[in-house]
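Visitor: This is what each chain is made of:
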Amino acid sequence: DAKTTQPPSMDCAEGRAANLPCNHSTISGNEYVYWYRQIHSQGPQYIIHGLKNNETNEMASLIITEDRKSSTLILPHATLRDTAVYYCIVDYGGSQGNLIFGKGTKLSVKP
Amino acid sequence: GAVVSQHPSRVICKSGTSVKIECRSLDFQATTMFWYRQFPKQSLMLMATSNEGSKATYEQGVEKDKFLINHASLTLSTLTVTSAHPEDSSFYICSAPDPDRADNEQFFGPGTRLTVL
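As you go down the protein sequences, you meet chains Z and X in turn.
In terms of the numbering used here, the first sequence has 86 at position 86, counting the first letter as 1, and numbering is strictly consecutive.
In terms of the numbering used here, the second sequence has 61 at position 61, counting the first letter as 1, and numbering is strictly consecutive.
Think of the hints as simulated: they come from the structure by calculation, not from any bench.
There may be inaccurate statements among the hints.
Stated by the list, open to error - Chain Z is faced by these chain X residues, among others (derived, beta-carbon under 7 Å):
#, residue
1, Phe34
2, Pro40
3, Leu44
4, Gly61
5, Pro97
6, Asn104
7, Glu105
8, Gln106
9, Phe108
10, Pro110
11, Thr115
12, Val116
13, Leu117
Just so it is clear, CB atoms sit at the ideal spot from N, CA and C, and this is done for glycine as well.
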């Protein structure tokens, strides 16, 4: 079973920041938080991952709380092409194992 | 980043026929690949783990004789849906971790839409 809890859906206005929350209260010390997204009828796309520190890349920022029990994915300037299902996944960094997908959050970016 | 391809992207077949789906890692060697299935409005569900040079391991409830997996090289895994039926219609997706990376960032193929008539 997925170790994460996400809201089923969110709306965001185009050009605004999209903040997607994720709860992972049972995360263990050596588990990473990964974010993927899936645009309709495509394979999942990697966005970002982190362990303890906040992370930023060209796509998004990841904010992890100090107790690591929750995190927030931030898309700073959402566009219509960011409409997708966003999955927050907890996994051991070096496991090379399969990822367990929960139900994710359906983000709808509206003009 | 690394690239995983799948072929075909879409296939329609008659009930009772077999369909082969290929998953290739294009710029890295994948000793392990994962096959997922996704029904409409649902999340990805792992079907099996494909291991290069050895037998695949299947998740509970997935029939190994119906979903044949072959991982004959470090860049190719195939999933064959044998004697396909309409209930096998789904979106099939493969993924692979890059073994040269320390983390478990997975690279996903674009998916194969199977429709069984």
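Visitor: Determine for every hint whether it applies to the structure shown.
Guide: Right, here's what the structure says about each hint:
1. Phe34: Where the cut-off is 7 Å and the nearest Cβ of chain Z is about 4 Å from X/Phe34, the hint holds.
2. Pro40: Not OK, violated: X/Pro40 not within 7 Å of chain Z, min 10 Å.
3. Leu44: For X/Leu44, the interface hint holds, since the closest Cβ of chain Z sits about 4 Å away, which is under 7 Å.
4. Gly61: Constraint on X/Gly61 not satisfied, violated at 15 Å.
5. Pro97: Given a least distance of 5 Å, the restraint on X/Pro97 holds.
6. Asn104: holds, 5 Å
7. Glu105: Check passed: Cβ of X/Glu105 comes within 6 Å of chain Z, closer than 7 Å.
8. Gln106: Where the cut-off is 7 Å and the nearest Cβ of chain Z is about 6 Å from X/Gln106, the hint holds.
9. Phe108: Status holds, d = 4 Å.
10. Pro110: It holds, given that the least Cβ distance between X/Pro110 and chain Z is near 5 Å, below 7 Å.
11. Thr115: Status violated, d = 13 Å.
12. Val116: The hint is violated - X/Val116 has no Cβ within 7 Å of chain Z, the shortest such distance being about 18 Å.
13. Leu117: Check failed: Cβ of X/Leu117 comes no nearer than 19 Å to chain Z, outside 7 Å.
Hint violations for this structure: numbers 2, 4, 11, 12, 13, all remaining hints satisfied.
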